[in-house]
Structure formats: structure tokens, C-alpha cells
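For chain A, the structure is supplied; the task is to place chain B on it using the hints.
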Amino acid sequence: MILYFLRRLTALLLTMFAASIVVFLVTEIIPGDPASFMMGINADPQAVAALRTELGLDQPVATRYLAWLLGMLQGDFGQSYTYKVPVSELVGDRIMVSLPLTLYALALSTLIAFPAGVISAARRNTTADFAVIGATQLGVAIPNFWFAMLLVLAFAVNLHWFSAGGFPGWDAGFLEGMKALTLPAVALALPQASILARVMRSSLLDTLDEDFVRTARAKGLTRSQTLWRHALRNALIPVLTIVGLQFSFLLAGGIIIENVFYLPGLGRLVFQAITQRDLIVVRSVIILLVFAVVAVTFLVDMAYAAADPRLRRRPR
Amino acid sequence: MTVLSVRDLALTIGDTPILHDIDLEVKAGEILGIVGESGSGKSLTALSIMQLLPRASRWTGGIEVAGNDVGKMSEKALCSMRGRDVAMIFQEPMTALNPVHTIGHQIAETILIHGECSRRQAGERAAALMNRVGLDPERISPNRYPHELSGGQRQRVAIAMAIALRPKLLIADEPTTALDVTTQAQILDLLRSLVRQDRMGLVFITHDLAVISNLADRIAVMREGRVVEAGATDEVFREMRHPYTRALFSASAHVPDRSPVIKRQGEPVLAVRDVVREYPRPRRSLFQAANPFRAVDGVSLDIRYGENVGLVGESGCGKSTLARAILALDRLQQGEILINGQTFSEAGSGPDMKQRAGVQVVFQDPYASFNPRHPVRRLIAEPLYLIENAPEGAEREARIVRALEEVGLEASDADKYIHEFSGGQRQRIAIARALIIEPSLIVLDEAVSALDVSIRAQILDLLAGLSERLGISYLFISHDLSVVRSITDRVLVMREGRIVEEGPTEEVFLAPRHAYTKMLIAATPTLRERSA
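Quick note, the sequences are listed as chains A and B, same order.
Position 296, counted from 1, in the first sequence is what the working numbering calls 301; the numbers after and before it change by one each time, with no gaps.
Position 207, counted from 1, in the second sequence is what the working numbering calls 846; the numbers after and before it change by one each time, with no gaps.
For the record, the hints were derived by calculation from the structure and aren't laboratory data.
All C-beta atoms, glycine included, are put in the ideal place defined by N, C-alpha and C.
Take these hints with a grain of salt, some might be off.
DEER-style ranges, computed between Cβ atoms [unchecked claim]:
1. A928/B with Q79/A: 34 to 44 Å
2. A695/B with Q142/A: 19 to 29 Å
3. W233/A with E755/B: 14 to 24 Å
4. S1051/B with Q142/A: 43 to 53 Å
5. R970/B with L19/A: 25 to 35 Å
6. H786/B with W233/A: 18 to 28 Å
7. F135/A with H786/B: 34 to 44 Å
8. G139/A with A928/B: 51 to 61 Å
9. R1017/B with N130/A: 35 to 45 Å
10. E1034/B with T15/A: 51 to 61 Å
11. A929/B with A72/A: 36 to 46 Å
Straight-line alpha carbon distances no greater than 25 Å define the calculated SDA-like cross-link-like pairs of lysine to any residue that follow [what the hints assert, rightly or not]:
12. K1055/B with R1038/B
13. K715/B with D214/A
14. K1157/B with T821/B
15. K715/B with R128/A
16. K184/A with A169/A
17. K715/B with S229/A
18. K711/B with R228/A
19. K902/B with G945/B
20. K715/B with E215/A
21. K715/B with W233/A
22. K715/B with V123/A
23. K715/B with L232/A
24. K711/B with S229/A
25. K715/B with R228/A
26. K715/B with R129/A
27. K715/B with T132/A
Negatives, chain A to chain B, calculated, CB over 12 Å [said to hold, decoys possible]:
28. T20
29. T87
30. P91
31. A112
32. T132
33. A146
34. H165
35. L250
Same shape as in the complex, but just chain A (with noise of 0.2 Å):
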């Protein structure tokens, strides 16, 4: 366990070095000066070239690379170009929006699919097993920013029960908070859920048709003792490798539904960032992004050997 624990470390750091080079080298190749940028069409050759200098862009690629690296290292990620800013401000004002809507849509996704995966593979072929095939069938077919403006307009317009958007902050309270973040995390929580309960259902049901739930029934369990003692636990690898798939999706890619509640995200973040060719944070909010994947696949793999003793391959 110790080894395994070991190994997926080490090639969590090298991914991390392979990643910080490819981003950096793409930023490198995107077309568009920044510091022309900033200084405008019109900009004095003179002073571009000042800027420049100011910048560091002047420098050699390898030394400007080595200077970004270690700066991060130390937790530095620069100054961003349009916001004149510290990057780490920015990007943690924003993941302090971002992250806490991510696990609450995962929380909710999550809290749904199982009983809704499970349900459906223990009464296979009845109502309620028809019910979640057709619910989920819908959940994946509808766009969450459609679905997103639905609760907008029955929570916040009609019932005001939620306001329609924006975030007050986490200084307001964490219930004012959370309470923001309800509707996002609902609209963003509908097609994970969908999704994550059809691989459970389907899962489950292999499951269940493995030899060893046979011998478990042969044992005398009844079939929803066999379904929990031995068919759930084999059946979550594949569930858990769609949970940590979501989780790197959602912390970016709720950029639509940021939109639609007007939330500071990350996701709006870099969207701003790309149209002002802001790159230093562009490159910082992407490198974060690789940081999340690698850790949350990490994660995933640690889970797979806690749920499956074959993967901790124990040295005998």
C-alpha cells in the first residue's frame, strides 16, 4: 500500500512538471503581445519595449520559465498584466467562489445518483427502475443553462425564495453564502447526477450478475444483504473514476451557469483573462486546473485501492 501510495505520488509530481512545461510553452506560441496589448494600437515602439523589459519578456525562454516555476513554488504567480494585481489574490478570491460550488454540485450529484443508482439496479425492469431511467434520460438532455434560468424563474422570480444572482461573499455569512450558491449548484448538480446514476445502475448490475453474488445467495443472504455486503463495493470503481472526472469538470467548467448567476468564478476568470491576453494568469489559472485533475485523479486512484484490496498489490 505503502509502494502504491509512493508510486502514484511520484507520477503526480512528474505529471505536474510535464503539465507546468506544455502550459507554459502554449502560452509562449498564442499569437499577441501582451505588452503591446496593454499599451494599445498606438502604442510608442519605445514604450512597448520598456514594458517589456519591465515585464521580463525580453528574457530567454528557459530563464523565464525557471523564474515562473520557482515563483509558484514559493506561492507567487505573478503580477497579472490588465488587473495589476498579485495572480494569487485574483485566482484566490475566485476559487474561494469556485471550489465550494464544485463540491456542493458534486455533494448534491452525488447525494442523488446513489439511491437513485441503486434503487433502479435492485427493482431492474420495474416503476421505480423505469422512473430513474426516464428522469435521468431528461437530466442528461437538458442544458444546464436553460435548466439554470427554470430556477431562476420559479425560485428567485416568482417564490424569491433565492436571489437570482450574484454572490455577497463569504464575509456575509456562510449560510448568505451557501444559500447563493443553492441554485448554481442545483442547475450544475442535474446532468452529473444524471450521468453518475446510469454508470451506478449499470455497474451494480454487472454486479450483480457475478458469480459471487450467486455463492453469497447460495450462503443465505437475502438479495438486499448480498446487494449491500457484497455487489456496492465492487461496483463503485467505475463510479468513482466518473466522480473525480466531475469534479475537475465542474471546478472550470461552470463558466455558462457563472454566467447566468453572475458568480465570480474561475471559470469567468480565465474567460476575461484569454479576451485581454492577461496570459500570466491565463497560465496560472490552467496550471491550477492540471494541479486539481492530477490531485483529484490522485485521489481516485488512493480510493480505488481502499475500495479494491487487488490494487495494493502487498509486497509479500
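Just chain B now, with coordinates in the frame of chain A:
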């Protein structure tokens, strides 16, 4: 005391009738063998007794287990019956245990689920049970997971789970079919002694007459959902009143007629020289690669023109790895392989594709070894690309038809798809695919192991005829010693990656020299003693 009585059992699944008028009886301490080919209804008879039938099944008749009529029992009562009064062991030990629970936990679960005692006591009883089925808890900890055990050890765990509450009736559905002969012999001994000690009734289901003839007190022969003959084992084997019983018996002991013509001069068809095949092992340390596992360790062998050579050994001995090396599917670490005197594959370089047409293969599973989306024509014509100036048009068609007819199929079968054929027919198609480019050697890797005895007898006859008519040599790989004995001229015995004994087949079987060969032959169940 009667522990199982089945009267007029009939079963339909959906609209398909499966079982008809089944009558069976088992007394305490008695072993009933149910024997029959695949699809005869053996397993569904067992699942009817357990009441673990698939959905959409309906059954009629009477089933009494330990005096209780299962037809009148609620699902709750059935759950408390299963595991306590009647228990079952299944065929596939690799998948019959839950991979995420420890073996101790799974054995103790039988005891706990029936509310017999506390968790701690159940753990102690599980350890005692492991001892009883021959798994020393000192050596094999109850905290191990199934994947850390061998097939035979897992089957012992399954038996421990089944006998935990001393059921009155034990049903074993092909419990040794997936095991090696030596392991099979141990498991059969274990079951026999458990039945005698606990006075359990045992229903032993198998397709293997040889196994059942040495184990059962009474036998029921099943065919197409009916019991065609039943009685005391000796009586059934002596009298064989039903023609099907006779057919089954003669197919089991079938020896194809052969008069091989072997050319001893000239280059051998296949020459294997000091071949070594290694697999990387998982790392145990972050900084140091593990020593590779040597699956084939310096093997040399020759096969002559027209010669059938058998390769036997238990699972994991390297038989299939050697077969893959001979087919040049994997790279060699040392040594070389020559086809008709030409180098086919050698350490440090890939296969010489020009030689590939000289050797073809037939694998074990007639279901998994074909692409289901291609018609038979395309499936069997595929190897033609291996030869230079492959025939086109009418000549190609003629070759496809000839290959099909050689294996006893018809020209019209070329347009069908693989799902339209039975297992035996599929294996014929696999042989046709190998024949079409007229190879010198066909490697048969457990090619008849998945077939029923009557089909197996037909395929063995076909192979023997083809070898003589076309002068093809075979490397016949099998764990089944009796099949190898019936069709090969020479046999090689493999153990832990090495050939430990080699000689003319009859000589090796009659007077084995190596201790391992002696053990293998002693463990192989035979029909001969009974019928003599």
C-alpha cells in the same frame, strides 16, 4: 434418512421447457453423481433445489430438502434454508469469491448470517473450518484476499463456506473442472471424507465420467432436460441400458484410429533451441526493478514431419507461454525457433514474417476466438495474406471451399456468421482457418478442452485424419492427459518452465520416469479400471 427428494420436477424459462420429469433421491452420507453434456439441465436442476433460479422461471413438481417442501417455503424461510440445510459449491473458484472481502470474513459470514454466534466466535470457527478443508490458518491467514490464493485454495475456501453449518445436503456443480488434475484429486478426496465424516448427502455434477465413476455411489445420466438412466454406479457402468449412456461412455474413452507416417530424416518441421521467455514482475521498491519471472526456462524440442507431439503440465507451468513463443507472438529473451530449418524468431529480433505461414494455431475458446462481425469466408481466408502471390478470385474461393470441406463443413457455410454455429462447428472453422495456407505445423492450445465429450471425439477423429492426409504435424497442448494419450506419438511433460520428461507417448504413460509425471498420471481419473 432421505436428505433430498425430487419428484416430477419440470422447469420452463420464459416459454422454453428446460427440465422434464426429473426424479432424484439422495440419502444421508450418499454421493449422487449427475452427469451429462452442456445444456443437459444439470446446473438448472441444482439451482431448482437451491431455489436460485433465473427470473421468468416456473417449476412444477415436488422438491424436499431435509424433509421440507421448498415449494411451500417463503423467501425468508428459503434464505434460512440456504447455507444451513443445503449448501452449494460452484465451478469457477476464480470468480466465486468476493474479491474485496478477506477469506476469513467470507467463511465467517455463513455462520453470522444464520445468527449462530458472535462475531468473534464466528472468526474462531472460520479458522477451524479452514483447518478442516486443508488450509492451515498458520500459513494462510484468514486475513488474505481471494486473489492471493491459488485456484485450488480458493475452492477449499468455497467448500469451507459451504460446510460451515454442517448442511445435510451439499451440491457441487463441476467443482473440479477448472482445476489441475493433482488439485482435482485433492479436492475430490476432501469432499469424499467430509461426506463420510458429517454424513452429508452430496450431489456432484460433472461432465466427466471418469471423475464420477470413482466418486459416486449412484449416478443419474441427464440429456436434454431428462434423466435417461439412473442407478447404482457399478450397475450403470456395467449395464449401460440407455444408448446415450453407452455413447457418452465410448466418447469419453475415445481413441482415434491413427497410422502416422513420420519422416525422421531432414530438417524438423519445428525446432525450438534453448528458448527463454521472461515476464517483468511488479516492482517491490521504487528504485529497483524486480527480477523477471522466467516462464519458459531453456526449452528445446523438435517436431518431425507428420508427428503429433503432446505438451502436458499443470496451469502456470509455461505451456501457453511456450506456445506463444513458438508462434512468435512474443519476443524471446534467449534461444531461437526454426520452422523447416529457417529461423522464424530469435532472441534480439522480431519474427521473420515469411515463415509465419508455416505455423498456425487453434485456441481453446471457440466462442471468443472469432470476430463476430465477419462472415466465415473472411474469417478463414484471413491467413492467406501471409503467403506470397495469395490466390485471387475463383482460386481463392476454391481454397475456402476446400478448407471447409476438409473439416466436414459445407461450401454454403462460408456466407454464414459465427453465431450461427455450435461450439464443435466453431472449432472446425478454427481448424479450417489454420489449414487454408497449408502450414507444416498447427499448435493446438487446449483446442478440445472446452468441448463436450461426444464433440471432442469427433474433433479428435478429424484432427487425426487431417494429420495423416495432409502430413501436418501438431503440437498438442493440454492439461488433459487422456486426450493427449489418445492422439500423440510423443509427449513432453513441462513443469516450472522446463521439460522434465520426454518420450514416446505410450512409454511415458506406462512407465513414467520422473516423479512429477508419475504424480500427474496417478492423479488423472480413468474409466479403464471400472470397465475392466
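Taking the hints in turn, this is what the structure says about them:
1. For A928/B paired with Q79/A, a C-beta distance near 36 Å keeps the hint of 34 to 44 Å intact.
2. The hinted window of 19 to 29 Å between A695/B and Q142/A holds, with their beta carbons roughly 26 Å apart.
3. The given range of 14 to 24 Å is respected by W233/A and E755/B, whose C-beta atoms sit roughly 21 Å from each other.
4. Between S1051/B and Q142/A, the C-beta spacing of about 44 Å keeps the proposed range 43 to 53 Å intact.
5. In this structure, R970/B and L19/A meet the distance hint of 25 to 35 Å, their C-beta atoms being roughly 28 Å apart.
6. Roughly 22 Å separates the CB atoms of H786/B and W233/A, a value that falls within the hinted 18 to 28 Å.
7. Evaluation of the 34 to 44 Å hint for F135/A and H786/B yields a pass: the beta carbon distance comes to about 37 Å.
8. Checking the proposed 51 to 61 Å range against G139/A and A928/B shows it holds: the Cβ atoms sit about 53 Å from each other.
9. The hinted window of 35 to 45 Å between R1017/B and N130/A holds, with their beta carbons roughly 38 Å apart.
10. Hint check: E1034/B to T15/A, Cβ distance near 59 Å, so the stated range 51 to 61 Å holds.
11. Against the hinted window of 36 to 46 Å, the Cβ-Cβ separation of A929/B and A72/A comes to about 41 Å, which satisfies the hint.
12. A hinted pair counts as satisfied when its Cα atoms are at most 25 Å apart, and K1055/B with R1038/B qualifies at roughly 17 Å.
13. A threshold of 25 Å between alpha carbons decides the hint, and for K715/B with D214/A the separation of about 21 Å falls inside it, so the pair holds.
14. For the given pair, K1157/B sits about 11 Å from T821/B by alpha-carbon distance, which is consistent with the 25 Å threshold.
15. The suggested pairing of K715/B with R128/A holds, with an alpha-carbon distance near 18 Å, which does not exceed 25 Å.
16. Annotation: proposed proximity of K184/A to A169/A holds, straight-line Cα distance about 11 Å (limit 25 Å).
17. The straight-line distance between the Cα atoms of K715/B and S229/A is roughly 12 Å, inside the 25 Å bound, and the hint therefore holds.
18. Restraint check for K711/B and R228/A: satisfied, since their Cα atoms lie roughly 19 Å apart, inside the 25 Å limit.
19. With a C-alpha separation of about 7 Å, the suggested pair K902/B and G945/B falls inside the 25 Å cut-off, and the hint holds.
20. The hinted pair formed by K715/B and E215/A meets the criterion: a straight-line CA distance of about 22 Å does not exceed 25 Å.
21. Distance check on the hinted pair: K715/B and W233/A sit about 17 Å apart at the alpha-carbon level, within 25 Å; holds.
22. Restraint check: the Cα-Cα separation between K715/B and V123/A comes to about 22 Å, which is no more than 25 Å; the hinted pair holds.
23. Distance restraint check for K715/B and L232/A: the Cα-Cα separation of roughly 16 Å lies within the 25 Å cut-off, and the hinted pair is therefore satisfied.
24. Restraint check: the Cα-Cα separation between K711/B and S229/A comes to about 22 Å, which is no more than 25 Å; the hinted pair holds.
25. Between the alpha carbons of K715/B and R228/A the distance comes to roughly 10 Å, so the proposed pair stays at or under 25 Å and holds.
26. The straight-line distance between the Cα atoms of K715/B and R129/A is roughly 20 Å, inside the 25 Å bound, and the hint therefore holds.
27. Restraint check for K715/B and T132/A: the C-alpha separation of about 24 Å stays at or below 25 Å, so the hint holds.
28. At roughly 16 Å from the closest C-beta of chain B, the C-beta of T20/A stays outside 12 Å, upholding its exclusion from the interface.
29. For T87/A, the requirement that its beta carbon stay farther than 12 Å from each beta carbon of chain B is met, with the minimum near 44 Å.
30. Distance check on P91/A: its Cβ is at least 37 Å (rounded) from any Cβ of chain B, clearing the 12 Å threshold; non-interface status holds.
31. Consistency note on A112/A: stated as away from chain B, and its beta-carbon is indeed over 12 Å from all of that chain's, at 25 Å minimum.
32. For T132/A, the condition that its CB be more than 12 Å from all CB atoms of chain B holds, with the nearest at approximately 16 Å.
33. Listed as a non-interface residue, A146/A keeps its Cβ farther than 12 Å from every Cβ of chain B; the least gap is roughly 30 Å.
34. Residue placement check: H165/A keeps its beta carbon more than 12 Å from all beta carbons of chain B (closest about 49 Å).
35. At roughly 23 Å from the closest C-beta of chain B, the C-beta of L250/A stays outside 12 Å, upholding its exclusion from the interface.
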